[in-house]
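Between the sequences and the hints, there should be enough to build the whole structure, so can you do that?
For the sequence shown, the numbering used here begins at 11 and goes up steadily by one.
In short, the hints are calculated from the structure, not lab data. Ideal Cβ positions, reconstructed from N, Cα and C, are used throughout, including at glycine. Just to be clear, a hint being listed does not mean it is correct.
[To be verified] Pair by pair, the computed Cβ-Cβ distance ranges are:
| no. | residue 1 | residue 2 | range |
| --- | --- | --- | --- |
| 1 | HIS119 | ASP83 | 21 to 29 Å |
| 2 | THR151 | ILE111 | 16 to 24 Å |
| 3 | ASN47 | SER147 | 14 to 22 Å |
| 4 | HIS119 | ALA49 | 14 to 22 Å |
| 5 | THR137 | LYS93 | 15 to 23 Å |
| 6 | GLY117 | GLY96 | 30 to 38 Å |
| 7 | ILE145 | SER102 | 40 to 48 Å |
| 8 | THR98 | SER128 | 31 to 39 Å |
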Amino acid sequence: MKNLLLQCALCLLITVGCTPVATYPPVENKVALSFSNSANEPVPTIMADVISYAHNHFGGIDDIVFNLPEGIDKETYLIVAEKLGGATPMTSPNEIAYHIIELRVRGFHADADIIFPSTGGGYDMATVHLSSSLIDSWTVTRDRVWLIPTKEA
Numbered sequence: 011m012k013n014l015l016l017q018c019a020l021c022l023l024i025t026v027g028c029t030p031v032a033t034y035p036p037v038e039n040k041v042a043l044s045f046s047n048s049a050n051e052p053v054p055t056i057m058a059d060v061i062s063y064a065h066n067h068f069g070g071i072d073d074i075v076f077n078l079p080e081g082i083d084k085e086t087y088l089i090v091a092e093k094l095g096g097a098t099p100m101t102s103p104n105e106i107a108y109h110i111i112e113l114r115v116r117g118f119h120a121d122a123d124i125i126f127p128s129t130g131g132g133y134d135m136a137t138v139h140l141s142s143s144l145i146d147s148w149t150v151t152r153d154r155v156w157l158i159p160t161k162e163a
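What follows is the structure, encoded as structure tokens:
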């Protein structure tokens, strides 16, 4: 019995110890940032899922042009563009685009704040919630569109 309890505790420790924790733009201290790389999974997958969800559910523009939070490197932009099937990273401040302004990943749950082009012109903002498990991929569980319109991103 003691051996079984020890094995269960070890499995739980391994499972919890391998779950990601990330926030972009970074707010962690310098020690946490030294272990953080935005190109590591699940960050690119979550960002691609959020942009795809916003494009499919909120509309706004035909082709996907996107901008990621501060602190995201060029490699992550390339990975996200590939996951979105050839979407284009934003190159000009005047471009109409989907802007992920903040991403919070805590284990098997993630929240992303995204500003998206509204169908009536201008921009709107939403928080998209996602979840995953050891055997399931990341999926959007719900969203909340904020009622305060945004004139520019």
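>> Check the structure against each numbered hint from earlier and tell me which ones fail, lowest number first.
In response: 8
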